[in-house]
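Student: What follows is each chain in one-letter form.
Number of protein chains: 2
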Amino acid sequence: MQAIEKLQEIAIETIENQNYLSEPKSLYEPIGYAMSQGGKRIRPLLTLMAADLFSGDIEKAKPSAIAIEILHNFTLLHDDIMDKSPIRRGMPTVYKKYDENTAILSGDTMFAQAFLFLVKSDKNQIPALVQTLTKASIEVCEGQAYDMDFETRNDVKIEEYIKMITLKTGVLLASALKLGAITANASQKDIDYLYDFGINIGIAFQLQDDILDCWSNLEDFGKVTGTDIADNKKTFLYLKSLELANKEQKEVLLNYFCSTIFDKDGKEKAVKEIYEELNLKAIAKKLMEQYNDKAMDSLEKIGVDNLRKTNLINFANILMHRNK
Amino acid sequence: MQAIEKLQEIAIETIENQNYLSEPKSLYEPIGYAMSQGGKRIRPLLTLMAADLFSGDIEKAKPSAIAIEILHNFTLLHDDIMDKSPIRRGMPTVYKKYDENTAILSGDTMFAQAFLFLVKSDKNQIPALVQTLTKASIEVCEGQAYDMDFETRNDVKIEEYIKMITLKTGVLLASALKLGAITANASQKDIDYLYDFGINIGIAFQLQDDILDCWSNLEDFGKVTGTDIADNKKTFLYLKSLELANKEQKEVLLNYFCSTIFDKDGKEKAVKEIYEELNLKAIAKKLMEQYNDKAMDSLEKIGVDNLRKTNLINFANILMHRNK
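Chains as they are written, first to last, in our numbering: chain A, -8 to 315; chain B, -8 to 315.
Only chain A is shown next, with the shape it has when bound in the complex (with noise of 0.2 angstroms):
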């Protein structure tokens, strides 16, 4: 078993060493550029710590871990486009810095790409890599097609909410899980614990992630804050507070919601009021940590020595407790 901090390294290491460079070279400056982004490369390193998890044996899981990556990196290239979000990681968005059409295109070729990483495993593992990649690309698309279908819709449920996430977030960071413990020939059981962990983690993730883009400062998140408000998000926290909010407070809510005209920071201001009125921060934390709890049962139940698991339970609270 190797420590977190060096599953990290190789990670890291692991996707910026990769040349995802040829011709011609309109198409693959792009790729080139999404990933040396840089960011958290979470989900390599989800895959290299579940085959430390089972057998140890890291090496076999690097091509899924790079497919992993790029089929990630890929998904924020047309999501960007379709949020028209001009800004990642302090940098623009391959559609800004070149135009939509780049960004369809090299998009569409990082897809490709993951695949062609992927099928450099161990032959017979490919069906089950493959079969896992491909399930979770078109789960992410799903999810993406919720997301924006909730813009236009003032019906959606919590529970409705809850499955967008899942897909959107949670299933990426489950399969890359299980993509590592493919690789590692772990049993069919532990596999699925396994997906059940990263799943209901993702659920977490994603929670915190609305907490902070609502509560955190700009310095901390390292990107701006508000924006679910301001773009009228029906994240969590909105349809809660829809829910347990006076007939006064869900009138302004409403209100806010329906249009984006209000000046940013006075709708910010509202809302936000409300949320706190209602104790919505405390709520969506409590709901985070039952999902969090999910995810340790099913830890638990992975036949694995206690101690190997470590790793991921110092990752889930790491991501629980993150600040940005």
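Hints may contain errors.
It does not matter which identical chain is used: a pair holds within one copy or between any two.
With a Cα cut of at most 25 angstroms, we get these calculated DSS-like pairs of lysine-lysine [unchecked claim]: (1) Lys16 to Lys224; (2) Lys277 to Lys126; (3) Lys148 to Lys277; (4) Lys114 to Lys180; (5) Lys16 to Lys148; (6) Lys126 to Lys111; (7) Lys241 to Lys300; (8) Lys148 to Lys238; (9) Lys231 to Lys263; (10) Lys126 to Lys16; (11) Lys16 to Lys154; (12) Lys276 to Lys111; (13) Lys148 to Lys231; (14) Lys114 to Lys51; (15) Lys148 to Lys285; (16) Lys292 to Lys255.
Read the hints as simulated data drawn from the structure, not as lab findings. It should be emphasised that the depicted structure is a prediction, and the values quoted were computed from it without experimental measurement.
Dock chain B against the given chain A, drawing on the hints supplied.
Tutor: Just chain B, lined up with the frame of chain A:
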């Protein structure tokens, strides 16, 4: 061995009887729309013909046939955004009927669906099949990137054009054949010859397309003609005409091809006049025949009874002599 008409019937049925739908509707309805727009189903037909050539077991090739047709349609969805094409097969393109975000995301989902069907193949064939489809996807993207690059370049060489159409058109036809051959457990040598056949047929197919775009009439061709000239596409016709033109003709061509402000009909008439003065139609047809001959040479070398090759020979003939 089955009759080509029978195989085409099976190809169409196989594609059209699949269920491409799931939730959310906003994501899957456009996929159903794209997949039901008909088309010649050439690629799945090639997959079935390849399987039929070697083993006769076309059942095993069906997942590959579906996969290659979904992949092809995915590239159309994204190409239509990039090329701003409003109409395909007489119907509004997905990005026109829905919107750009939908075409991006439904396209991405189709890309993943292609692999989802592919992994329904025989387990021991999956690595080679995935490798083939992945490589094809990447090369098609490269072809599209070159095509877009050429729009703003004035120094495109004929061999660069051939490389571009090889990637953009040849590779997918060749890969359709290769997938079928893999499912039929053909030898590596035979697979390579068949792939080569597909590449050369693909180049001939695209040259024929260029000729038809210039010289067929609307009713036969089923789509607007003269678009290559209107869009300043650097086709073989244009590149070769520059090579053969006298000073005066060259000036006219360069003048017309550096702008889109000209009246479409006037421009088309003037450029076609030069093409005809230079005997371009016959020259392009001759080149097309050369690629067809190369294809036949490769087909010849495949180690199965010549009688079994009749379907592919007929298929190439149909492509060569089509008027739409």
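Student: Tell me, which hint numbers fail for this structure?
Tutor: Those not satisfied are hints 2, 7, 12 and 16.
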